[in-house]
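**Student:** As you go down the protein sequences, you meet chains A and B in turn.
Sequence positions in the first sequence follow the working numbering and run -3 to 552.
Sequence positions in the second sequence follow the working numbering and run 50 to 213.
Because the hints were derived from the structure by calculation, they are not lab data.
This list has only true hints and no planted wrong ones.
With a straight-line Cα cutoff of 30 Å, these simulated DSSO-like cross-link-like pairs (lysine-lysine) come out:
1. A/332 to A/385
2. B/194 to A/477
3. A/327 to A/512
4. A/104 to B/213
5. A/477 to B/192
6. A/370 to A/383
7. A/449 to A/370
8. A/53 to A/20
9. B/149 to A/489
10. B/192 to B/176
11. B/143 to A/128
12. B/149 to A/490
13. B/192 to A/490
14. B/149 to A/104
15. A/481 to B/184
16. A/123 to B/213
Remember, it's a predicted structure, so these values are computed and weren't measured experimentally.
One letter stands for each residue in the lines below.
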Amino acid sequence: MGKIVLDGNEVDFKQGQTIIEAAKDAGVEIPHFCWHPSLSVSGNCRVCLVEVEKMPKLAIACATQASEGMVVNTNSGKALEARRAVMEFLLINHPLDCPICDEAGECKLQDYTYDHSIGESRFTETKTNKDKRVQLGPHVMFDGDRCISCSRCIRFCDEIAGETELTFVKRGDRVTITTFPGKELDNPYSLNVVDICPVGALTSRDARFRARVWDMSHTNTICNGCSRGCNTEMWVRSNEIVRLVPRFNPDVNSYWMCDNGRLNTFRFVNAESRVDGPHVRREGKLTKVTWDEALGSISSEIKGINGKEIAFIGSPFATIEDNYILSKLAKSLHSKNIDMPEYIIPGSADDILIREDKTPNSTGAKLAGVVPQKDGLNLDGIMKAVKEKKIRVLFVMEEDIALLKPEYAEALKTIEFLFVMASNFNSTTEFANVVLPAATYAEKNGTWMNFQKRLQRIRPAVTTLDMDRSLDGLEMSRLDKFGTKWDRWGNYKKYDARPSWRILVELAGLMGDKMKFRMAEEVFDDAAKHIEELHGVTYDEIGESGFELTKKAVKV
Amino acid sequence: MAKKKRMKDLTLWERIYLPEVAKGLSITLQNMFRPAFTMEYPEVKFMPQGSYRGRPVLVLEEHGGERCVACGLCSRVCPALAIEIQAGETDREKERYPEKFEINMLRCIFCGLCEEVCPEEAIVMSKDYELAFTKREDAIYGKDKLLVPVAELQDRIEFLRSFK
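Work the whole structure out from these sequences, hints included.
**Tutor:** Here's what the structure looks like:
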């Protein structure tokens, strides 16, 4: 540890840190385009020039190591003058197409132009023309004109994704980015280059032109693609998920997430197949009924049935709260048959982020009690017993078990009573007697536990029918705040769905086991009281960046 | 309460009123032979100047496409939240266009901020002031009603340019 003087204040730095890193730790942002905290230093954008006393010329803060007693001025006249000059050079060939550009609103070049540039161009010659709308890979589009040649994307592919795919070609003002001959930007992490691009040169083909940044709300949540549990931001406009973006968490995913998680994990939330309202099978067809009717038909069906003849299937996709209430209900009905399927694809993992276990909460669900009890049946046992008609009632929570194995689908044909909580109609709901609409992970509060035994919170970003954005404390965009339900944008589709734990609590109430939970946090507090590993953990403690259970074990 | 005294009681001449009636009639008669200021609307239509702020419209270019690139600034600046835009991608040189562009004329307050903020001179205030509807749904103007050929908007565009 040493000290440098930054703009007149003494600031600590660690040995080996550069000026920009030391300043960042002290809460001072030195403008930068090419520097990124987890990429190597390239030092080519020159916008981080600062004045260091006793150095003959200005130095770039990203490549100059801090040393004891250094006096750094980021806002001296000389530094500001240099920054203005650099901005002017960068803007010479940058097109003025912010109205068309998707990056507008979250563009570093836009921000720094407002902060540091003179406001008008002295450049009267023609700007260079480069290739626009180049498809670099299956997910990424490139616009040569907008590129400021910072090389962040190139360094990302080399250093983080580990696949050398992008490179600079040509020189001077003709320099542009392209893929190596015969290669495409198709590594499993390719969309991260869109996030780190400081301008709008790289855009996601999926989210291109779909919404303006300032029209969306963003909610901190977790990716459900695998047991890594990457921290994400969910961007929503008119109650529809537009894009997922990684959120920085040094212990889980750093700044990154994989393309599969980003593109494919949220599609079911706004899919055509969503279950809208409770359905009960009447004369062979699922018919929409009221909640009271549907819950009543389940409780009257179950009454008087021996616990041995009831089985429960939980889900590693559901939250700890959901699984905890399911196991609680199983206990109160004296059933020991409770299990959940596994989704492990051997060999699918890599050493960056992707894990073999394709569910976000398998460790958490087990912890919450969704494991076969002593003398109880496991999943295979349950399905075998269903076929042998030893199990008459089956509860399925947020799972499509008929899809897993053909034997399971065969067994379900003979079941006496099948109750399914599902967000979308699937092959299991085809056999169900009652289908209750379960809220998706984008519509409820809850907790997941990833492979590191790290508890992380998911938060609602999309509203269901009985939710209200402002009353339920959801993130709101400007349109959400000021629109009325009579405006077109406020008049969006809301599904009649409820979180699984709430459905089960209501059901338990009808069957005489009064559980008094009004919100997910109360369920979690109860779980923390009864599950030893969770003792003392609260939603506040989990916070935005999660809480690792093993750490607590060390502390105690 | 004490009775208020008049400043001056009317004289007999004033009290009979006849001279005043004659005076008034003479003014009426004079005006009958002066040119009329009123307009026989709707038989005669008012034709405003270029500075007039009627309903906002979108400029339809000569090549048949809209000039708007769906940047969303008008929608952002609109104090009454009247404008809703959904952008889309086209093969034209400007790669972005409004798939949907709706102005809720019940919300619009004709302030002209959308026109002022537009970087493309694509939304301008027209001379159209006849905006009556019988249903709320009719008040939402889509692209079908908003797009107006550029030739019809020359007055306004020239007016705007004279202030740049």
